[in-house]
Amino acid sequence: MRAIVLVGGLGTRLRPLTWTVPKQMLPVAGRPMLERVLGHLAVHGVDEVVLSLGYRPDVFVDAYPDHRCAGVRLVYVVEPEPLDTAGAIRFAADQAGVDERFLVVNGDVLTDLDLGALLAMHDQAKAEGTIALTRVGDPSHFGVVVLDEAGKVVTFVEKPPAGEAPSDLVNAGFYVLEPSVLGRIAPGRKVNIEREVFPAMAEAGTLYARADPAYWLDVGTPDRYLQASLDMIAGTRTFPLEASGTIEVVGELVTPVLLGERVEVAAGAVVAGSVLGDDVTVGDGARVEASVLLPGAVVEARATVRDSVIGAGARVGAGSIVEEMSMLGHGFETGSGVHLRGALVPRTDGSPHEERS
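Residue numbers 22 to 378, in this note's numbering, belong to the letters of the sequence shown in order.
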């Protein structure tokens with residue numbers, strides 16, 4: 022089966038990490054997010070994925086030059102300009118010659134959704150399109166769906182105002198679509214599938230949906246990006262983790278932790294409930310708690326990193342404290358004795374840090 026995976030967005034909410042790296046290529050528990058997504062698809066019988074690319078397509082192509090990833094074949098399609106969700110689907114399908122039933126997947130969603138059950142419902146209902154749904158506490162950031170008893174979509178409301186959502190069931194970013202859906206999308210222009218295509222299908226009575234209680238996380242914000250890796254090492258997700266690599270640990274490890282290759286944890290240092298990528302160094306007396314340190318990051322002596330993400334090659338200076346969901350961009354250096362709370366650094370305008378309210 023074929024799937025179109027949407028990975029063309031700028032990932033603005035994950036800046037500064039995404040200034041140079043597409044969101045789907047950021048590591049989640051030691052492997053690029055894309056590999057986690059495609060591995061899930063491969064388990065459910067997907068053997069070819071059309072990657073709908075936009076921002077930094079070169080990063081994807083350079084990472085997988087043989088057109089294979091996580092057990093599936095890759096077809097690269099680059100949008101000539103941003104075409105929104107449905108426009109991107111139509112363009113990718115046209116370029117790759119998709120003319121049979123196919124899956125569409127948002128490339129920033131990590132989940133254990135049962136795609137087999139979704140496909141079975143699609144067949145049973147003889148649907149034109151079937152959406153996977155999940156329940157969330159605040160549906161105002163998602164497409165909200167109301168179903169009848171047969172699972173037919175009665176109403177589809179994209180991002181309703183807070184407190185006005187008609188349901189807590191939201192679009193999980195996984196769709197089974199018949200090729201006839203492509204005919205509903207005007208080629209060569211911006212078309213939004215949630216605001217334009219799905220409501221029309223619901224009105225026509227051809228759109229169905231299935232709620233799934235499985236693990237689901239939209240990895241689009243700093244806190245959820247951090248949560249994705251911490252969930253994996255805590256066993257919240259069922260996906261396998263790779264064993265830690267060659268490491269040199271003199272300090273203390275408080276499980277669960279995941280360590281990459283050539284990690285060094287010095288005497289008196291403590292690493293608790295965190296993910297450390299390849300070539301990470303934690304200095305004497307430093308402390309890392311509930312955080313993700315990307316490859317090559319350095320935490321110098323007596324520094325503390327708590328509930329934060331440290332970019333590749335970034336350096337937390339001696340005696341510094343980085344906490345409260347701070348995110349340091351790739352290669353950024355704090356200097357010594359700095360205290361950052363909820364900071365996103367660096368900013369493009371050159372200011373030293375940005376505090377989030």
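Quick caveat, the hints were computed from the structure, so don't treat them as lab data. Predicted model, so just to flag it, every value in this text is computed and none were measured. Just so you know, not all the hints are guaranteed correct.
Unchecked claim - Heads up, simulated EDC-like pairs for lysine to aspartate or glutamate below, C-alpha to C-alpha not over 20 Å straight-line: (1) 173 - 120; (2) 147 - 121; (3) 147 - 115; (4) 173 - 149.
Hint check:
no.: 1; hint: 173 - 120; in the structure: 24 Å, violated
no.: 2; hint: 147 - 121; in the structure: 14 Å, holds
no.: 3; hint: 147 - 115; in the structure: 24 Å, violated
no.: 4; hint: 173 - 149; in the structure: 11 Å, holds
When held up to the earlier numbered hints, the structure conflicts with 1 and 3 and fits the remainder.
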